[in-house]
Amino acid sequence: MAATCAACDLAEPLGDRVERILELPRDLGPPKRVFAKRFVAPIWSAPNPEAPRLGYLRAGAVLQSTTSLPVAEEGCQGGWYELDAGGFVCSQRDVTIFSGERLPERRARQPDRSAVMPYEFATVRKRTPLYRRLPAIEEIVEVLPEELDGRVEELKAQIDNPLVVRVLEPGFYLSLDRTFERDGQTYWRTQQNGFVPSEPLRRKPWSEFRGRLLDGTNWDLPVAVTRRGETTVYRTNVRGKVRATRDSLSQRTWLPARSRQQLGGDVYLAVGDDRLVRAADVRVIRPAAPPPEVAEGERWIDIDLENQVLVAYDWLQPRYVTLISSGRRKVPRPELDYRTPRGAFRIRAKHLTATMDDDEPGEPPYSLEDVPYVMYFKGAYAFHSAFWHDRFGRPRSHGCINMAPYDAKWLYNWAGPDAPLGWHGVYATDDNPGTWVFIHGETR
Numbered sequence: 010m011a012a013t014c015a016a017c018d019l020a021e022p023l024g025d026r027v028e029r030i031l032e033l034p035r036d037l038g039p040p041k042r043v044f045a046k047r048f049v050a051p052i053w054s055a056p057n058p059e060a061p062r063l064g065y066l067r068a069g070a071v072l073q074s075t076t077s078l079p080v081a082e083e084g085c086q087g088g089w090y091e092l093d094a095g096g097f098v099c100s101q102r103d104v105t106i107f108s109g110e111r112l113p114e115r116r117a118r119q120p121d122r123s124a125v126m127p128y129e130f131a132t133v134r135k136r137t138p139l140y141r142r143l144p145a146i147e148e149i150v151e152v153l154p155e156e157l158d159g160r161v162e163e164l165k166a167q168i169d170n171p172l173v174v175r176v177l178e179p180g181f182y183l184s185l186d187r188t189f190e191r192d193g194q195t196y197w198r199t200q201q202n203g204f205v206p207s208e209p210l211r212r213k214p215w216s217e218f219r220g221r222l223l224d225g226t227n228w229d230l231p232v233a234v235t236r237r238g239e240t241t242v243y244r245t246n247v248r249g250k251v252r253a254t255r256d257s258l259s260q261r262t263w264l265p266a267r268s269r270q271q272l273g274g275d276v277y278l279a280v281g282d283d284r285l286v287r288a289a290d291v292r293v294i295r296p297a298a299p300p301p302e303v304a305e306g307e308r309w310i311d312i313d314l315e316n317q318v319l320v321a322y323d324w325l326q327p328r329y330v331t332l333i334s335s336g337r338r339k340v341p342r343p344e345l346d347y348r349t350p351r352g353a354f355r356i357r358a359k360h361l362t363a364t365m366d367d368d369e370p371g372e373p374p375y376s377l378e379d380v381p382y383v384m385y386f387k388g389a390y391a392f393h394s395a396f397w398h399d400r401f402g403r404p405r406s407h408g409c410i411n412m413a414p415y416d417a418k419w420l421y422n423w424a425g426p427d428a429p430l431g432w433h434g435v436y437a438t439d440d441n442p443g444t445w446v447f448i449h450g451e452t453r
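Here the sequence shown stands for residues 10 to 453, where the numbers follow the numbering used here.
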């Protein structure tokens, strides 16, 4: 009998080993359901932990495998299963393979992908502890503002209670799962599986602002958008004189941009229905040519920092226009200058939601759980929804491209890399590339 060598297969090149595995007869039974049991369940490009990752599932996600038995077992105790949308997951460690309809009762509420916002959110109104589990009445920790001071980690150390995950500061945002009752107290369980008293939380509406879908017929570039509220509407009388009407337009009203006219010593823009507005009262967004990096037929995103405008293009055709909030400029204080980087980039990763926080000296700490529609294009710089403010059209962020929730969702679904249904995150590959992003102009 020939000697066997357990290490011989490990010496085989990964590409050859994957090709050999995928060429095995596929008589491994009918598909089964896949339940993500870890908060982040990675999806690999091949049934091997050395393979590049394609994305990940969030805990509670349910997808379908292509077979009822694993396609490979090397490097995964429970075996590798291929998802019907592509990619491989590791059973027992990251996912559970099952049949039937029954799911765990404590399964976290899954993101509502049909809604503008995938989760419910609340802001913290006063300092309060975040617990690892529901506390008994004698375990409740009271955090008084005058008793504690310091950064977030220092506050946690001062409490010195293993039941407390951390101290939540006013202004922090939490993504919510569902409520629980104990000893007459209502608690919210967060999507991160912490527990917080409901009393210090407040849910508030997010911005309803949205950009304009461009179909090339009813709406197309150029378009205009008002800079401020109470923008006066003008008309010309029978003698050709410009006269103000009693009509006015609210801030960030979208208008078709017709011709510019010099009338009575001022410049006006015709915006349809015989209406005029002063050119100084609106931003005008005109079409741009594709940069040389963009191949014919490719999608790309244009960001004008000076005017805080985003336009999404299908090659030559503009598809969507909106206002953003890029990184703010602080010339006298370079340590607080968060201008968004300029240049040509590709989106490298998309996350349905991702947590963003910071606790650096010189700035108040912030923590935003499950920020929706995050798309990274350079280091920590990303597009994302900003549901905590309504100042789109003005620089405001720490460098990211803030977008109103509706706009962020539209761009997330439109831009590459494409995210298969049920995936919480996806990484760009040669076969599933990220959309080009071009950022230019000077932040005011």
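Hints are computed from structural coordinates only; laboratory data are not their basis.
Keep in mind that the hints are not guaranteed to be accurate.
[What the hints assert, rightly or not] Under the rule of at most 20 angstroms between Cα atoms (straight-line distance), these lysine to aspartate or glutamate pairs were calculated in the EDC-like manner:
1) Lys387 x Glu305
2) Lys250 x Asp275
3) Lys387 x Asp366
4) Lys339 x Asp229
5) Lys41 x Glu129
6) Lys135 x Asp439
7) Lys339 x Glu372
8) Lys46 x Glu151
9) Lys339 x Asp275
10) Lys213 x Glu129
11) Lys46 x Glu110
Status of each hint after checking the structure:
{"no.": "1", "hint": "Lys387 x Glu305", "result": "violated (24 angstroms)"}
{"no.": "2", "hint": "Lys250 x Asp275", "result": "holds (12 angstroms)"}
{"no.": "3", "hint": "Lys387 x Asp366", "result": "holds (18 angstroms)"}
{"no.": "4", "hint": "Lys339 x Asp229", "result": "violated (35 angstroms)"}
{"no.": "5", "hint": "Lys41 x Glu129", "result": "violated (31 angstroms)"}
{"no.": "6", "hint": "Lys135 x Asp439", "result": "violated (47 angstroms)"}
{"no.": "7", "hint": "Lys339 x Glu372", "result": "holds (13 angstroms)"}
{"no.": "8", "hint": "Lys46 x Glu151", "result": "violated (33 angstroms)"}
{"no.": "9", "hint": "Lys339 x Asp275", "result": "violated (33 angstroms)"}
{"no.": "10", "hint": "Lys213 x Glu129", "result": "holds (10 angstroms)"}
{"no.": "11", "hint": "Lys46 x Glu110", "result": "holds (16 angstroms)"}
When held up to the earlier numbered hints, the structure conflicts with 1, 4, 5, 6, 8, 9 and fits the remainder.
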